[in-house]
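Number of protein chains: 4
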Amino acid sequence: MTSTETLALKDVLAAGDRLAAESARFAGLGWMRGTSGNLSEVVSRDPLRLAVTASGLDKGELRASDIAVVDGAGAAVAVDGLTSLRPSAEAGLHARVAAVTGADAVVHVHSLNAVVAGHHWPEGVRLRDLEMLKGIGRRAHDDEVVVPVIPNSQDMAELGDRFEDAYEQGTPAVIVASHGLYAWGSDLTHARHVTECLDWLLGYTVATAR
Amino acid sequence: MTSTETLALKDVLAAGDRLAAESARFAGLGWMRGTSGNLSEVVSRDPLRLAVTASGLDKGELRASDIAVVDGAGAAVAVDGLTSLRPSAEAGLHARVAAVTGADAVVHVHSLNAVVAGHHWPEGVRLRDLEMLKGIGRRAHDDEVVVPVIPNSQDMAELGDRFEDAYEQGTPAVIVASHGLYAWGSDLTHARHVTECLDWLLGYTVATAR
Amino acid sequence: MTSTETLALKDVLAAGDRLAAESARFAGLGWMRGTSGNLSEVVSRDPLRLAVTASGLDKGELRASDIAVVDGAGAAVAVDGLTSLRPSAEAGLHARVAAVTGADAVVHVHSLNAVVAGHHWPEGVRLRDLEMLKGIGRRAHDDEVVVPVIPNSQDMAELGDRFEDAYEQGTPAVIVASHGLYAWGSDLTHARHVTECLDWLLGYTVATAR
Amino acid sequence: MTSTETLALKDVLAAGDRLAAESARFAGLGWMRGTSGNLSEVVSRDPLRLAVTASGLDKGELRASDIAVVDGAGAAVAVDGLTSLRPSAEAGLHARVAAVTGADAVVHVHSLNAVVAGHHWPEGVRLRDLEMLKGIGRRAHDDEVVVPVIPNSQDMAELGDRFEDAYEQGTPAVIVASHGLYAWGSDLTHARHVTECLDWLLGYTVATAR
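Order-wise, the sequence lines are chains A, B, C and D. Numbering-wise, the first sequence is residues 1 to 210 according to this note's numbering. Numbering-wise, the second sequence is residues 1 to 210 according to this note's numbering. Numbering-wise, the third sequence is residues 1 to 210 according to this note's numbering. Numbering-wise, the fourth sequence is residues 1 to 210 according to this note's numbering.
Think of the hints as simulated: they come from the structure by calculation, not from any bench. Wrong hints could be hidden among the right ones.
If you want a taste of the chain D side facing chain C, the calculated C-beta under 8 Å gives, among others [stated by the list, open to error]:
#, residue
1, S36
2, L112
3, N152
4, Q154
5, M156
6, G180
Simulated DEER-style distance windows between Cβ atoms [unchecked claim]:
#, chain 1, residue 1, chain 2, residue 2, range
7, A, G56, C, S55, 48 to 54 Å
8, B, T208, D, A166, 50 to 56 Å
9, C, D17, D, D17, 24 to 30 Å
Beta carbons: idealized from backbone N, C-alpha and C, even for Gly.
Bound-form chain A, shown alone (with noise of 0.2 Å):
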């Protein structure tokens, strides 16, 4: 671990309160079974740093202090005052996300709709012509948005990689296939609101199917 100096506690510590709060948010709504899913915000853009929900913990059940400081690969940062928690492994896969759009929140979570859609169109999930893809930033007519999909695995240097030759800018969220969604927004309400709206539409494009 490299120490940094330049980052307060009390600033790690409010995003920790946030990340927590949203965490439980997402648990009640099933997207979070288990320990699954982690959250993060950029703490600082230089260099990268990123709160990370710990892992292996409740995620209807942390607290504030429940994080762990990543720098731009995923590794651990100590942070003067705060008992440094295992981060998850998936943390290098959003700080790469985060590196990558400008994004200053990335979600990922298991929402069964996200999987099931992937299991459907592994080439990507096509949508247009959705007044909600408003909630993503997109236009509700004319305006063909394909979510990639992008395989599975555990190493997150691979999944990084996977994730960057599939991203086209301009839109937030990529889907793990057999896994889960990854969304991101300017902050973490915003990223919470296209997790919610990329969930819907996801859901309806599987109910409508055939």
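Once you have looked at the hints, place chains B, C and D on chain A.
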């Protein structure tokens, strides 16, 4: 903005309080994902003025003041003491519904059942011989109800014309295809009941089709 | 209205309190949309008197006094100190169920699973070899249960006759086609349990059909 | 009943408190309809003793003392200061699971997804290449998991034998056909996580079949 001397701030805020509570309720049902949907109450009939939930905010977390007051064309109207927020573009359709139907409360939600039903039956959703029809003011027997489905548009005048063409007195709702449901009632509680019953009826119709 | 000297106001309000709490619970499950459904408790057997939730109110927001007391024909009966509300027309069927079955609590909800099952199996819904049948007082093996389905009617005498014709002792429920579920038990908690288990059984049966 | 001097009342009640809270949580998910399902914690290993939720009570409203303590055969054991309630007949299977698997907490719920999956795949439900498998202690790739499905029985010795025949180390659950799910873990929180993830996995498998 034209100034409207006739509206008492406290009446407008009382409406805002009801709209916020109702929005939180619908958000909890998953019908106002992201910042989608909007609710309104008529606060004056002559001239027509509506309090409508503000655009771009989380519908589960509105405060009483998170509203705009609009005229019959959906344009914002100043109210003394109220910091006017941006009304949703859809406020124009709310006003049109209130003017045409006489309803004093209008609900617009992104009910999945409504959009799926609109996808299956773009000519209108036929409902007949179901007890729940009494919940939308119709008879449980021998009364054919067709919930109109109109094509989506971003132009509220156009959407309003489509609504008005499709509107039949006695059917307190319209589905906007690929978008959501509009429903209305004599007050916000009544509009809630109509909305809930329609969602049930549309869900039942989808579940029993074929 | 005939006056009934024998009913103590406090017993009637205690029933009203239980009915209000139970209604709110069922409303939360989506089984009492709008103002639909009604619950009752027998408050006197000789003569038969039931406290029944009042008509036209939101079932998630009832107070203890939002009840009517009815006789064996479903007609309102005055109780000293109680402002009588309009009983649901369906109160007559509640009274009939209580008289015929001996149950002291009757639940009528618009469970979607029940109405969908009634649509698929208008001759009655067969349930067999399911552990959950114990929750409605039947055996988990080698015991064929048929939940009767009767045609809907707005005439409670007619509906009561249909119920009585279809009723078999040991099956604590009937589906009214295109309408909802009636279920009953020895008290309101028991009726709740029967209702919950039936909804599960009917949902399972729909989900595994074909 | 044999008296057990070794169990401290406070430890048993602490277990009861956790079991009550967890039951209420599962009841809220619709997995313990009526009075169905039961949860247990091992409170002593030598001799084997489990605190198990009492039979016949609403699982959303248990108090800490609404438990029985049972031995390895599921028979009630007296504990000084505890008014013993009737253990569920299924307590015998809980004890058997705890003895065979070494798990210190056992969950039995009537998850609809589990019973539907058991209906479709009576030879066992195959799960493979899904990230969520990590939530039940398995690998996300190249690891074929078969959740055993055993026929239902009211004889707990017989059901226990079926469980033991079907049990494979590393698969922390079994489906009892036409009945429900048993899942277990090192403590009650772990068993919760396993249960939640299995429900997701089984729901996914049903949703994507065919």
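Hints versus structure:
1. A least Cβ separation of about 6 Å between S36(D) and chain C falls short of the 8 Å threshold, and the interface hint therefore holds.
2. At about 6 Å, the closest approach between the beta carbon of L112(D) and any beta carbon in chain C falls short of 8 Å, and the interface hint on this residue holds.
3. Checking N152(D) against chain C by beta carbon gives a least distance of about 6 Å; that is within 8 Å, so the hint holds.
4. Below 8 Å, beta-carbon pairs count as interface contacts, and Q154(D) has one with chain C at about 6 Å; its hint therefore holds.
5. For M156(D), the interface hint is violated, since its Cβ never comes within 8 Å of a Cβ in chain C; the closest pair sits about 13 Å apart.
6. Hint status for G180(D): holds, given a least beta-carbon distance of 7 Å to chain C, under 8 Å.
7. The beta-carbon spacing between G56(A) and S55(C), approximately 53 Å, falls within the hinted interval of 48 to 54 Å.
8. Taking 50 to 56 Å as the suggested C-beta distance range, the pair T208(B) and A166(D) does not conform, at roughly 38 Å.
9. Against the hinted window of 24 to 30 Å, the Cβ-Cβ separation of D17(C) and D17(D) comes to about 27 Å, which satisfies the hint.
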